[in-house]
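Whenever a hint applies, use it, and build me the whole structure from the sequences.
Given next are the chains, with one letter for each unit.
There are 2 protein chains.
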Amino acid sequence: MTDQEWKIDRYSGIPLHKQIEDFIKRKIIHGEWTVGTKLPSQRALAARFQVNRSTVVEAMGELYAQGLVEGKTGGGTKVCNNTWSLLSAYASLDWNSYVKKGSYHPNFSIIQKINREEFNEEIIRLGTGELSKDLLPVSKMESVIKKMSFSKVALGYEEPKGNIILRQTVSKHLERYDIQASPSNILIVSGALQALQLVSFGLLKKGSIVLAESPSYLHSIKFFQSGGTQVIGVPMDKDGVKTSLLRQYKQQLSTDLLYTIPSFHNPTGITMSEARRKELQKLCREEQLPMIEDDVYRDLWLDDPPPPPLKSKDKEGNILYVGSLSKTASPGLRVGWIIGPEPVIERLADIKMQTDYGTSALSQSIAAEWLSEGYYDEHLKVIRSALKRRREKALQLLQTYFGGSAHWTIPAGGFYIWITFPKEIRVHELFEKALKRNVLINPGNIYDPAASSCIRFSYAYSSMQDLEKGIKVLAEIMEELGGSR
Amino acid sequence: MTDQEWKIDRYSGIPLHKQIEDFIKRKIIHGEWTVGTKLPSQRALAARFQVNRSTVVEAMGELYAQGLVEGKTGGGTKVCNNTWSLLSAYASLDWNSYVKKGSYHPNFSIIQKINREEFNEEIIRLGTGELSKDLLPVSKMESVIKKMSFSKVALGYEEPKGNIILRQTVSKHLERYDIQASPSNILIVSGALQALQLVSFGLLKKGSIVLAESPSYLHSIKFFQSGGTQVIGVPMDKDGVKTSLLRQYKQQLSTDLLYTIPSFHNPTGITMSEARRKELQKLCREEQLPMIEDDVYRDLWLDDPPPPPLKSKDKEGNILYVGSLSKTASPGLRVGWIIGPEPVIERLADIKMQTDYGTSALSQSIAAEWLSEGYYDEHLKVIRSALKRRREKALQLLQTYFGGSAHWTIPAGGFYIWITFPKEIRVHELFEKALKRNVLINPGNIYDPAASSCIRFSYAYSSMQDLEKGIKVLAEIMEELGGSR
Ligand SMILES: Cc1ncc(COP(=O)(O)O)c(C=O)c1O
Ligand SMILES: Cc1ncc(COP(=O)(O)O)c(C=O)c1O
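Protein chains in written order, with full-length UniProt numbering: chain A, 1 to 485; chain B, 1 to 485.
The reader is advised that the hints may include incorrect statements.
Stated by the list, open to error - Covered by chain B, per the in silico footprint, the following chain A stretches (three or more residues, Cβ under 8 Å):
#1 190-202
#2 371-378
As the list claims (entries may be wrong) - A few chain B residues that don't get close to chain A, going by computed Cβ distances all over 12 Å:
#3 G13
#4 A275
#5 N318
#6 E392
The hints are simulated quantities; they were obtained by calculation from the structure and are not laboratory data. Glycine is no exception: its CB is placed at the ideal position from the N, C-alpha and C atoms.
Structure below.
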């Protein structure tokens, strides 16, 4: 990249003035701006970098302070030093080359941006896959913890597969879904995401192929790609992934694994029907296609419980089953689990030990209490009724503001509604324009590269007032973009 | 009832061997032991069920006869079939091929074994790098937590770099070591190990070269290799890594990074002298060689504080500095940090988000309290005096039992003594023989492939009585092996 082409990277997290400062320093270090060179005017620099003049002023201030430039008002600014001996006899390292070199792919820049903007207090978050703060069981968690006997909490390193009491509790917990798993078949993980990472590291390799619904949460995850695994989407209909197509995909591509979210799918909210589940189970047995069943939303049904997990009928041990407390209780705990045949669980546990020596022992103890002492079900009742109200409200609002133009799924549980806008609406434009107005959306193409007129909408996070405000802003932008009624 | 708890019922009237046969069949039916799974040895099964070995032999005979398991004497028994048509019409997947396929290297089998055996209650652990259970601040942690205001604890997902209060606290904490780091230069990790993993993923790639002391903790970690990075050892003397050699290594190999543990080195216990630190800093500046300074043992000095961290003099931002609460307070918290230039920290934070969406929020809140409220220093006093007593005792015991034959380092802090036995002693033999007698050691060749007559001894974990018992067992085995006085 030549300096001519160099642009401010607004998503890098590095302050803009710092980027400008560094840019100028590089010019000096590399001998492109030698001592005595006159710098462009502040106005020209501001235009060149497309920033406010104050940002340039800040950058220049630093350069003055470091003794690299000098100048009089009106007379222009000049490079006066290139050794900045005061600072260091040596140039500093080019860490940026390291940052670019690493084998691990960076997150989609839009996801990086979302991750950052989510901590901007001003913003209305229309896509966040997380319970609203007032639905988190703060006081219940507090009482769990304050009742806990600490002599039993392991403050030391834990067993590779995780705290045995928690694994016994999870084993018992899974019985309610008709899943039989002994503690030795359970690995405790730091959230369901980590389970997927361990599978990626432990069971897949460069060139492996994983099928997933299209769209899918899985497409938003980069570490499969970092490891050289391809994630290929298989279309869905209202009953879930299309098993007819799935068989073709499996036969034509040498597929290693199917990843599926059969209940309250992320991002579409769709629940796989009972008949489709049977077809899928049959297909996977016949084709010897192993599966990851990601069931983190199962207990968030709002009308009726979903059909039993695929795993409950899995006599062959073909399915790895993933669960988590993040969606029903607290993502901050970072506790999830993965169930599977022993050789697989041993392998993943070994990698887990290499990765972080196990999940927070404290989190594990709290999770065990939470699951065994009735808190789980009690709290589920509370959030179910709240989510139900939120879902109704959201559906009403969508009808009001997008009734004639967009269409959307109606979820029977979970957090998500998948909204498809008219083709004229390009979701990256919608994203940028909405962000300028402090509304954050999750563009559909994170979950399916082709879904460039869709968004994942979540009714779980923002307050109902904010949901309305946000949707209104979207409707206004749509009108602007010409996609409205 | 879970399988872990399952017991033979001696009053049921069902023959014991039949109960065992049925238990194993259930494991196979439920897909917990899939085709290819290796069964525990007959001896282990007999111990597990508390029956005579002949009872197990009888049960296995049935399983052989039914074609469910196969195997040769000595070669172990494997599940070979789960199709016995009554149960299931389909063969189960060959998960073992998946387990072998994954890109991630398994841990050294000896480390896997150590990880498992550490949870065997009978065993005396002579190498464990962890505070003894009675040195963990159980009641202090309890009071920290019980005083905590939960409204402030984030139960939701955290910011990419970690809880801001904790980062502010760490920033303040680092001032005592003369390290200047603002919260935006700090990433909270789930233990120091994770920091190293993030560096491996984020800053290195296939073919990268990392230098480390020889021996080093780093050699025991496999994920660098999994990513195709080579870790090359540079010899040490009593003052730390030999900088004279280091320069040659750096010039001859295109080195990406130096990893060093300057204070109370793992596994040798050596502390880098002040003069050596200066040389190293100079070298790294001149050669533009960036460093990871792993300083997790710093505060465990027993005689005098070690020289200031390398990072405290790092004006160029060449050093990534790693710390953790695992060695001074509680490994179970899984809280550590890495400090570095902002582009690096941003990059690592992005990967952290992809990996586990952040460290347990609860652990982070507790860590912040621990570091800010004086608990840290108070507890350090307690463990320093205990470790000091333990070190004296350990050195006495070594003198008594190995006085004429082995030699060892004398650490000024931390946990470790590096013992070198006479060449006749092969450490893998020592390991196996000791394990048979319920004594677990950490063989030196985990930390340096060439250190096949060394062990890492830790005086931090086992009780003083157990240390003595264990050392006595080692001395006896040594005599057997012909390496003794
Ligand atoms: C389908 C699915 N799986 C896994 C996860 C990750 O959950 P956790 O917080 O338990 O890592 C999410 C969260 O967004 C999800 O939607
Ligand atoms: C030098 C060194 N670094 C890092 C670690 C990992 O510590 P943590 O438990 O904080 O991940 C250890 C633990 O053995 C260690 O000895």
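Taking the hints in turn, this is what the structure says about them:
1. 190-202: holds (count 7)
2. 371-378: Violated, because only 0 residues of the segment 371-378 of chain A bring their Cβ atoms closer than 8 Å to Cβ atoms of chain B.
3. G13: holds, 25 Å
4. A275: holds, 20 Å
5. N318: violated, 5 Å
6. E392: At about 24 Å from chain A, B:E392 clears the 12 Å cut-off, so the statement holds.
Consistency note: the structure conflicts with the earlier hints numbered 2, 5.
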